[in-house]
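Residues 2 to 724 in my numbering are what the sequence shown lists, from first letter to last.
Any given hint could be a false lead.
Restraint-style ranges between C-beta atoms, simulated for each label pair [as the list claims (entries may be wrong)]:
id, residue 1, residue 2, range
1, Y567, G130, 45 to 55 Å
2, G164, P231, 35 to 45 Å
3, Y567, G370, 18 to 28 Å
4, G220, S480, 55 to 65 Å
5, S480, N589, 38 to 48 Å
6, G509, G370, 33 to 43 Å
7, T425, L482, 19 to 29 Å
Taking lysine to aspartate or glutamate and the DMTMM-like style, the derived pairs with C-alpha atoms no more than 20 Å apart in a straight line are [to be verified]:
id, residue 1, residue 2
8, K699, D668
9, K602, E616
10, K502, D630
11, K502, E565
12, K602, E575
13, K502, E513
14, K699, D660
15, K602, E316
16, K602, D551
17, K502, D551
18, K723, D695
19, K723, E669
20, K723, D660
21, K602, E513
22, K723, E683
23, K602, D217
24, K602, E556
25, K502, D420
26, K502, E575
27, K502, E616
28, K602, D660
29, K602, D376
30, K502, D230
31, K699, E719
32, K602, D518
The set of hints was computed from the structure by calculation and includes no laboratory data.
Since the structure is predicted, the reported quantities are computational estimates derived from the model, not experimental observations.
By construction, the Cβ of each residue, glycine as well, lies at the ideal position given by its N, Cα and C atoms.
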Amino acid sequence: MRHVACLLALLPASAFAVLSVTIQHNDATCWYSDGGAIAIPTGGVPPYTYEWSNGVTDQQIQWVAAGTYSVTVTDSNSDQVMEQVAILSLPYALQGDQGYAYCEVGGVVFPEFPFVVPTEAAAPWYVNGMELQLAPNSQWLYAFYPGTSPYTLSFSDGNGCSGTISGSLGPQITNWPALNVIAVEPSCSNANVGSIRVQSAGPQPNPPWTYINLTDQSGTPVGLSLNLDPQTLQVEFTGLAPGMYGFHWWLGATLENLDPGVCAHDTVWVEVPNLGPVCGFLSGMSWYDVDSDCVQDPNEVGIPYSPLVLEPGGEVVPTGSNGMFNIPLLNGSYTVAQSDPTLINICPLPQPVPFTVNSNLTTINFGNGSTMPLDLRASISSGTSRPGFAVNISATAHNLTPQLSGPVTFTVEVDPLLDFISATPAPTTTNGNSFTWEWPVFNSFEARTVSISAEVPVPTPLGTVLIHSATVSNTLTESSLANNSATIQPIVTGSFDPNDKTASTSTGASNELYFIDQDEWIDYTIRFQNTGTDTAFTVVVTDTLPASLDIASFEMGTASHPFEVYFRTGRVVEWRFPNILLPDSNVNEAASHGLLSFRIKPVQPLLLGTSISNEANIYFDFNEPVITDPSVLVAEFSTGVRDHDRSAQLLIQPNPASDHVRVSLGDERINRMRVLGMDAREMMNFTNPGSPVDLDIKALSPGVYVIEVEGNGRRLREQLVKQ
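Can you build the whole structure from these sequences, using the hints too?
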């Protein structure tokens, strides 16, 4: 923006529209100082300076009482314009919309008073003349709904400021599907390795914040309250100690603990048997052994996320971010081996390595060489982009290999629409919206992250697509340059959920579809914001990976703050941000955001129509988790099974068929034809077969296939059912 402004400044003032300014404002509540206004200049020669009648020199004034305020805007050509605005004193007009489900007509009202009323307001609070009380076992205030929706109730605070609170009820749940235990794994008294698998007799209700809650014998919640797998209607609770547990449908602490009614569900009790002290642990380190002496020297680093295979059972357990692992196991005989094909096993040999667990700690360290040549990767993620707010853009340069790099150059380009605020660490050079860092040699598996803060200008239209990119290079030859650049295209939005999880595929062609024949990776970004009333000291993010994702292919991307990542039992990935000191959004909105990203591959073969659904749990200190909406990708071919352009229709006759089919493309000649399995494997391939084609399918196994034809510059597909 600034280099554009410099060019504009060279033009005569007559080339620009006349300087003018409009003011947008929000009124104050009663006599409180919660009003505000923002000046929006147009024309003239930017940049502009501002001077408000109350002495403020920013573009906006905040936390002001009712009154008349004026602002004088001066452009870089010293032209001035003045405008004024009247901020009124208005009664309360609170919105109590929540959308949460409830069990009985009545429910509760909790408009989160610490966040929506002025800071000068004081308790007690009154709704329809009734003083609000704390709900049992909660810090939330509550009042009964009138039983109608939408509703408008009178509201007043302890200082006598009054008005209304309006809103609508969420959906009512009157019938919960039955829950049944389908599997129980016992646990040890010296290690929590038990599990309970539960299945529902019906789908999970759609309203938000409906979970299956696991409690101990006293009714205290244990671990996570999880959602059903949408395909199997099952959920598994893992990492359990021996003992009695109960589970039931639950609406979450945000509402059910406040609802004086009783939800229509029963608790099912189940016992995790106690095996006694018959568990031990396998621990150790996997590292890159530079000198092949089977001794980890100070300069030899751990190999992160290296998959270990345990037998019997074939369980895959990746190492942690530092190459270490610690795995609880029942007493017995096992083998363990590293499965990364790029590693050269130096010690121990041979692999798989046999070992015995007998309520003890067994340590096995893996020293490795590598056949993988140098390969650097760039990754980049962005927070939510909103007009008038700052957005944080994080980017990371990774050395994916144990090889040492040459000196590294890392460049991040931010969309020129944004106004730069700051960068951490400070870039070596800056050229407009391009920022470059020059770094020394990267060690084995080293990664460095940068963060850029920029503001989205107020006039930016919602829906604007921004483009940010990151590029990494070094002075040595790399095995591949395909991953040295990364680009993201965030969309400018208005109101938003600050805690979300998004997915994009390696082609970037769709945010809803994973193209079997083109995509390789899925890149996930998890964003979070502290919207509470105090600093968050620790943030923990967990993600239970569905069976359709290959946990052994996990690659960490970038993160906004220092973190550690762990792989827990039950395919749970956990990111822990200790001492993050994330301020709440009321104190420092720009710094209240955080994010992380990672990439992972689907398990192959991936069948057409497979739904890959994933969500994240975000914990701020000791609060209930914030659960993101599911991120869903559906496996598809790149052009879809059907082409909506019927000017040349692909016909397969008969269909279904058992021995022969006739394939035609109207009057067009078929230049190429392929028969694909539902996992995108090529079963047959024909070049210039003409049209129509008599296709012999007797060799195909019964099932569903896709016939793909190319002709006249178009590609069309149709399903074929082989009987």
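Violating hint indices (sorted, rising)
8, 19, 23, 25 and 28
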